[in-house]
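Using the sequences and the accompanying hints, generate a full structural model.
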Amino acid sequence: MGDTNMCTDNPILLKNTKSLPAIICLQKKAVKVIPTEYDIIEANKLAFNDDIGTITNRVTSMFELQAGFDKDSAEYKELEYRIMCGQHYQQCSIDRAKGIVAKPMPPYWFTSRGISENNFSEDEIQFQKKIMASHKPYFMTYVYSNLKTENNKYLRNSNSNAVRRFAKYGIETLQDLENYKSKTVGMKKFLEFYKLLSPVGNNACVVNRIAWLFEKEFCSYLKRLSSLEKNTDKCSFDYSILKSDTEYSQSNYDKIYQIYKDYTVLLKSYLIKAHAEKLDKFDNWVEIQKYIHWFQDRCYQVCCNADELNNIVIDICYQSENTKQFAWDICGDVIIKNLLNRYGGKISYPYCVKENGEFTYFGKKFEMRSINILEESNDYIG
Numbered sequence: 173m174g175d176t177n178m179c180t181d182n183p184i185l186l187k188n189t190k191s192l193p194a195i196i197c198l199q200k201k202a203v204k205v206i207p208t209e210y211d212i213i214e215a216n217k218l219a220f221n222d223d224i225g226t227i228t229n230r231v232t233s234m235f236e237l238q239a240g241f242d243k244d245s246a247e248y249k250e251l252e253y254r255i256m257c258g259q260h261y262q263q264c265s266i267d268r269a270k271g272i273v274a275k276p277m278p279p280y281w282f283t284s285r286g287i288s289e290n291n292f293s294e295d296e297i298q299f300q301k302k303i304m305a306s307h308k309p310y311f312m313t314y315v316y317s318n319l320k321t322e323n324n325k326y327l328r329n330s331n332s333n334a335v336r337r338f339a340k341y342g343i344e345t346l347q348d349l350e351n352y353k354s355k356t357v358g359m360k361k362f363l364e365f366y367k368l369l370s371p372v373g374n375n376a377c378v379v380n381r382i383a384w385l386f387e388k389e390f391c392s393y394l395k396r397l398s399s400l401e402k403n404t405d406k407c408s409f410d411y412s413i414l415k416s417d418t419e420y421s422q423s424n425y426d427k428i429y430q431i432y433k434d435y436t437v438l439l440k441s442y443l444i445k446a447h448a449e450k451l452d453k454f455d456n457w458v459e460i461q462k463y464i465h466w467f468q469d470r471c472y473q474v475c476c477n478a479d480e481l482n483n484i485v486i487d488i489c490y491q492s493e494n495t496k497q498f499a500w501d502i503c504g505d506v507i508i509k510n511l512l513n514r515y516g517g518k519i520s521y522p523y524c525v526k527e528n529g530e531f532t533y534f535g536k537k538f539e540m541r542s543i544n545i546l547e548e549s550n551d552y553i554g
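Just so you know, our numbering puts 375 at position 203 of the sequence shown, and the rest follows in order with no gaps.
I should point out that these hints are in silico values taken from the structure, not numbers from a laboratory. There may be inaccurate statements among the hints.
[Unchecked claim] Straight-line Cα separation of at most 25 Å, SDA-like style, residue types lysine to any residue; simulated pairs:
no., residue 1, residue 2
1, K217, V205
2, K440, Q468
3, K367, Q347
4, K496, K509
5, K190, V203
6, K518, D410
7, K301, R285
8, K433, R396
9, K360, I413
[Said to hold, decoys possible] Between beta-carbon pairs, the in silico distance windows are:
no., residue 1, residue 2, range
10, K361, D211, 51 to 61 Å
11, L511, K453, 24 to 34 Å
12, Y472, Y393, 42 to 52 Å
Please read all numbers here as calculations on a predicted model, not as lab measurements. Beta carbons are placed, not taken as given, at the ideal position from N, Cα and C, and that holds for glycine.
Laid out in structure tokens, this is it:
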């Protein structure tokens, strides 16, 4: 831990720096001891699953909420107090590793359940709900992919509902509804619940504004990129370079295609289970390899000719937009053999050099070199 002493004449930083009183975190002190190996182990165990990140996110949510209130309002001032207290709760969480037990952040600051557990009056309940930091700010959708997915789905559904309910007023998007001047009672209620149920906070805090600025600036670029991708021939890759000059029967194709469907369903089901149970990465890899070998055996029982089987799985996987993993899992070695034979065994690879490289990666210089695998190792290809 340490403090930063920063000197600057940057006008933006100077303009936006607040002069605040120093915060003293009143807390218990740990008993002074000469730590043994056991003490260090216990400290590490106590530090597991700490709430430092969670507390930081809650305070960040308070900044976003605060941006929606007037600076002289009671809500703004209460959130200012809670934000300052956030530093204290962060320090308490850090000190868990020392064995210090401290009071956590009050639950009613961030959950409705916490509000109901207190004996607040009706007016106090409404006040607490207004400043409850229960949602992450909008900009965090760029930090948490699940949050972005949830928010995008919510926006799509809300947009559809707005158009369906208010199309007779000329409303074509949710933005049209927000900008509509003579809002009806129904429109106001709709927007009220839209904001209330939103999975993210959309108040104009600093980082939200930065996120919106970036989106606005890059919007036209992303649309052009999307348009180019749509106009690009998605089948331009000539996957025949992965195949052998071997014919196959429709009967074998149909049987392998059924195995492919079984592979897709089973692997998807397993990966969902592995994610839910948080399996160790190595154990997860071992289990997947077992599945792959089992499917390989099933495929070779149908078609014992490796080149014929390779052509079947290539046509199954590369004639659609689905994953190509099945082809590489079943016949990856045959695909590599075909590519090497097609290009005379020559492969190119980046080689690290001290100077005059063709390109730089991670601060190191590289140049492309070539080698003939067939000449280097006659028995490379079986």
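Quiz item: Going straight from one Cα to the other, do K433 and R396 come out at no more than 25 Å?
Solution: Violated - the C-alpha atoms of R396 and K433 are around 36 Å apart, more than 25 Å.
Exercise. Could you grab the alpha-carbon distance between K367 and Q347 and see if it respects the 25 Å cut-off?
Key: With Cα atoms ~13 Å apart, K367 and Q347 stay inside 25 Å; holds.
Exercise. Given the hint that K301 pairs with R285, test it: the Cα-Cα distance must not exceed 25 Å.
Key: Cα-Cα ~11 Å, so holds.
Quiz item: Does the structure keep K190 and V203 at a Cα separation of 25 Å or less?
Solution: Roughly 36 Å between the alpha carbons, so the hint for K190 and V203 is violated.
Quiz prompt | Restraint check for K496 with K509, where alpha carbons must lie at most 25 Å apart | solution = Roughly 17 Å between the alpha carbons, so the hint for K496 and K509 holds.
Quiz item: Range hint 42 to 52 Å: satisfied by the CB atoms of Y472 and Y393?
Solution: At 48 Å between Cβs, range holds.
Quiz prompt | Satisfaction of the hinted span 51 to 61 Å by the C-beta atoms belonging to K361 and D211 | solution = Holds: the Cβ-Cβ distance is about 59 Å, inside 51 to 61 Å.
Practice problem: Take the C-alpha atoms of K440 and Q468, compute the straight-line distance between them, and say whether it is at most 25 Å. | Solution: holds (17 Å)
Quiz item: Does K518 pair with D410 here, judged by a C-alpha cut-off of 25 Å?
Solution: Roughly 19 Å separates the two Cα atoms, so the pair holds.
Quiz item: For the pair supplied as a hint, K217 and V205, is the alpha-carbon distance within the 25 Å limit?
Solution: holds (18 Å)
Quiz item: Would you say the C-beta atoms of L511 and K453 sit inside 24 to 34 Å of each other?
Solution: Holds, at about 29 Å.
Quiz prompt | Pair hint K360 and I413, alpha-carbon separation not exceeding 25 Å | solution = violated (61 Å)
When each numbered hint is compared with the structure, violations occur for hints 5, 8 and 9.
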